[in-house]
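There are 2 protein chains.
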Amino acid sequence: MNELLDELEDMIREERLTELRRAFDDLNVGDIVDFLERLGVKDRAVAFRLLSKGVAVEAFDLLDQALQSEIIEGLKDAEVAHYFESLDPDDRVRLMDEMPASVARRMLRHLDPRERSLTNIVLGYPNGTIGRQMSPEFVAIPEHFSVAQALEKVSKAGDDAETLYTLPVVDHGRLLKGVVSLRDLVSSAGEALVVDLMREADSVDADHDAEDAARMCADRKHLAVPVTDSEHRVVGIFTVDDALDILERAESEDAARHGGAEPLNRPYLSTPVLQIMRSRVVWLLVLALGAALTVQVLDVFEGTIEAMVVLSLFVPLLIGTGGNTGNQAATTVVRALALGDVGTRDVFKVLWREVRVGMTLGATIGVLGFLVAGLFYGWDIGTVIGLTLFSICTLAASAGGLMPLLGKKLGADPAVFANPFISTFVDATGLIVYFMIARTVLGI
Amino acid sequence: MNELLDELEDMIREERLTELRRAFDDLNVGDIVDFLERLGVKDRAVAFRLLSKGVAVEAFDLLDQALQSEIIEGLKDAEVAHYFESLDPDDRVRLMDEMPASVARRMLRHLDPRERSLTNIVLGYPNGTIGRQMSPEFVAIPEHFSVAQALEKVSKAGDDAETLYTLPVVDHGRLLKGVVSLRDLVSSAGEALVVDLMREADSVDADHDAEDAARMCADRKHLAVPVTDSEHRVVGIFTVDDALDILERAESEDAARHGGAEPLNRPYLSTPVLQIMRSRVVWLLVLALGAALTVQVLDVFEGTIEAMVVLSLFVPLLIGTGGNTGNQAATTVVRALALGDVGTRDVFKVLWREVRVGMTLGATIGVLGFLVAGLFYGWDIGTVIGLTLFSICTLAASAGGLMPLLGKKLGADPAVFANPFISTFVDATGLIVYFMIARTVLGI
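Taken in order, these protein sequences are the chains called P and U. Counting with UniProt numbering, you get residues 1 to 444 for the letters of the first sequence. Counting with UniProt numbering, you get residues 1 to 444 for the letters of the second sequence.
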């Protein structure tokens with residue numbers, strides 16, 4: 001498979017396009033998408049045009065929104081309308097969010113009235129809510145239906161509905177009463193009543209946070225979850241594959257910010273170098289600004305260092321260990337927040353756990369530091385190093401556990417508030433602790 | 001909701017168990033699971049026993065394997081058998097993997113013959129393969145069936161099959177020919193032929209890597225994927241909710257190792273402090289050992305520092321910036337590997353990108369460093385700092401991009417080889433670069 005992809009890349013580089021078109025015939029859509037995701041903008045546009053119409057539509061649907069948007073920009077208006085119309089309303093809105101507003105509006109105008117009104121329903125909900133990610137095309141079953149009636153309705157629904165596997169059951173006022181699965185319908189006698197088969201529904205409000213809703217769908221293993229308005233009327237449905245998209249995006253974001261960069265939101269190899277650079281440079285400068293604090297702290301203690309240069313040898317080790325301890329704690333708590341295992345109200349529980357973890361870690365590594373440093377540089381220095389390691393670990397674990405919760409409380413991304421800043425914070429405070437302990441123990 | 005959970009915790013702490021049992025009646029299973037995941041081992045055992053039988057089975061199914069295993073350990077053999085039998089074969093195997101081998105074997109012996117043989121099929125595949133995560137309970141449709149015959153077979157399949165929504169289509173020798181969706185079956189006329197409705201199947205070999213297979217299922221938006229043996233006979237199926245479990249576990253693992261710790265594989269608040277400490281201490285010691293290298297490097301350059309103490313002020317800033325740049329690159333590449341956007345064969349592409357990104361970042365931050373350090377500490381020092389920042393950023397971005405690929409190539413977790421070690425590596429080499437440049441420019 002891998003060699004095949006490399007060969008296809010050679011074909012496009014060497015402009016052997018007839019050969020490439022023939023090669024596409026032997027690939028399934030998923031493989032073609034993998035291939036498109038590795039190409040730069042221009043090559044991708046060329047390759048995309050070689051696809052047969054049906055395959056192109058399917059492949060377009062599976063691409064990242066950022067790449068869809070680039071392809072759209074390279075097409076003529078009539079072609080654009082074709083691909084745009086082939087998307088589900090929720091996918092269409094996600095693509096529109098990627099594009100310049102003027103282009104998005106023009107494309108919306110070209111849609112047929114039915115599709116346009118469905119798209120407008122989804123557009124009516126703010127960014128970041130599940131309403132913006134749901135599909136307004138669902139099949140609702142009236143609660144007084146028999147199984148036969150329900151199956152009849154399902155079989156007529158045709159291709160438009162987002163899913164037929166989880167069906168909201170509603171009363172006369174479209175109020176959600178429960179859900180019934182197609183699986184239960186096909187396994188039951190035709191005269192059985194839907195009301196006897198239906199189960200209590202986990203539903204979400206359309207204004208609810210999208211990531212939260214996606215996590216609930218995944219945790220509770222639902223294939224689809226009905227979305228309701230404030231009066232509990234069904235307005236849409238969202239499916240587990242949308243939940244997967246949302247969670248994958250959120251996890252890419254967490255991972256990137258954890259590493260001190262903005263997410264690329266597109267495949268790495270297809271991203272221009274300058275865009276990668278831009279995703280990192282601001283973070284790097286902000287963190288360097290924070291690190292400038294350490295220069296000032298050391299400036300204050302320059303006299304102490306001059307009196308005892310050996311103290312400077314341990315600076316990277318000490319702040320490195322502090323940074324690592326802080327990172328460990330922050331990572332654990334960011335992940336627990338993302339999974340919904342802890343919330344901001346758990347701040348004291350988290351603090352108390354991390355203080356204890358930090359102290360046990362600090363004691364272990366402090367004793368080792370005391371012994372090793374003492375052996376090589378004398379027991380005075382050993383005492384300073386041991387005490388500093390203990391203090392820094394305790395401090396770093398507590399701060400690392402608290403920072404993500406603080407970030408969440410302030411409405412920011414917990415991952416932003418956590419790892420990149422924890423190092424800066426621990427570096428500066430750790431150095432102060434170090435030199436205070438050194439001055440006291442060594443009497444400088 | 002949150003306040004309710006707190007109130008429930010109060011009830012269990014104050015042993016108001018009748019009240020708790022009544023409160024459970026108003027909650028749905030998902031909420032009960034959220035509650036159980038916040039409790040310690042003993043409280044969880046108490047709360048679990050208060051659940052009605054049906055709810056207990058459903059809740060047990062949704063719990064993490066680590067927590068299932070703890071609950072099992074607190075139950076009598078007869079009860080154990082009940083919960084164990086209620087699980088699907090694939091979930092059962094995952095639970096067995098969590099438990100001591102002797103307990104697992106004893107429980108296996110208590111199963112009825114049919115369930116035991118199904119479980120043994122899954123147990124026959126090695127850990128980490130998709131065969132170990134699939135369900136052997138699927139409904140296969142012979143290719144010559146009509147829609148009516150297929151629906152008849154589906155409706156008789158009953159509760160056992162893992163899914164009825166994606167149905168493998170097979171020939172006489174059980175060879176996989178394609179898949180047909182229940183959706184297409186119910187929307188078609190009864191006399192239509194399955195062979196005309198079926199689509200080409202994305203399938204995976206049972207020996208295939210589980211995470212890879214899960215990623216494919218998610219990327220291509222399949223609800224289920226047939227699993228085949230080496231002769232392309234269908235042996236099982238795995239569903240998108242299993243894929244979600246696998247990906248979530250992989251992402252928790254990546255996140256934890258990225259932060260320099262082992263994954264907890266269980267909810268944070270339910271994990272004993274000592275277990276959290278153990279998940280971190282080995283990493284911390286290994287990293288500290290690596291950091292001891294910096295002490296030695298600085299020891300070598302002690303003369304240079306003594307001649308010019310001001311050089312020591314910039315150590316945390318320089319190695320911090322190097323670490324940040326390396327982290328950014330490593331994080332991007334680890335994530336791209338996890339998503340399948342790059343592979344080990346892309347090593348030169350990645351290196352060439354990261355060299356360019358590192359040089360542009362280094363030039364930007366180097367010029368700034370030159371100006372600021374020059375202004376405050378003289379242009380000599382400014383030159384040293386500027387040049388060092390440029391070199392370190394280039395070095396760190398390249399190393400950060402390569403490390404995860406190297407890890408993957410060596411068969412290790414890319415996240416292990418990336419972020420925690422990148423800092424250590426950049427710290428030590430960065431210091432050498434720094435003092436070499438300083439000696440040359442300043443003529444010490």
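Among the hints, erroneous ones may be present.
Capping the alpha-carbon separation at 30 Å, the derived lysine-lysine pairs in DSS-like fashion look like this [said to hold, decoys possible]:
(1) U:K153 to P:K156
(2) P:K76 to U:K221
(3) U:K177 to U:K156
(4) P:K221 to U:K409
(5) U:K221 to U:K177
(6) U:K53 to P:K153
(7) P:K177 to U:K221
(8) U:K53 to P:K221
(9) U:K153 to P:K153
(10) U:K177 to P:K156
Residues from chain U that face chain P, not an exhaustive set, calculated with beta carbons under 10 Å [as the list claims (entries may be wrong)]:
(11) A157
(12) R280
(13) L318
(14) G340
(15) V350
(16) F376
Worth flagging that the hints you see were computed from the coordinates, not collected in a lab. For each residue, glycine too, the CB sits at the ideal point set by N, CA and C.
Quiz item: Hint by hint, which ones does the structure fall short of?
Solution: 4, 6
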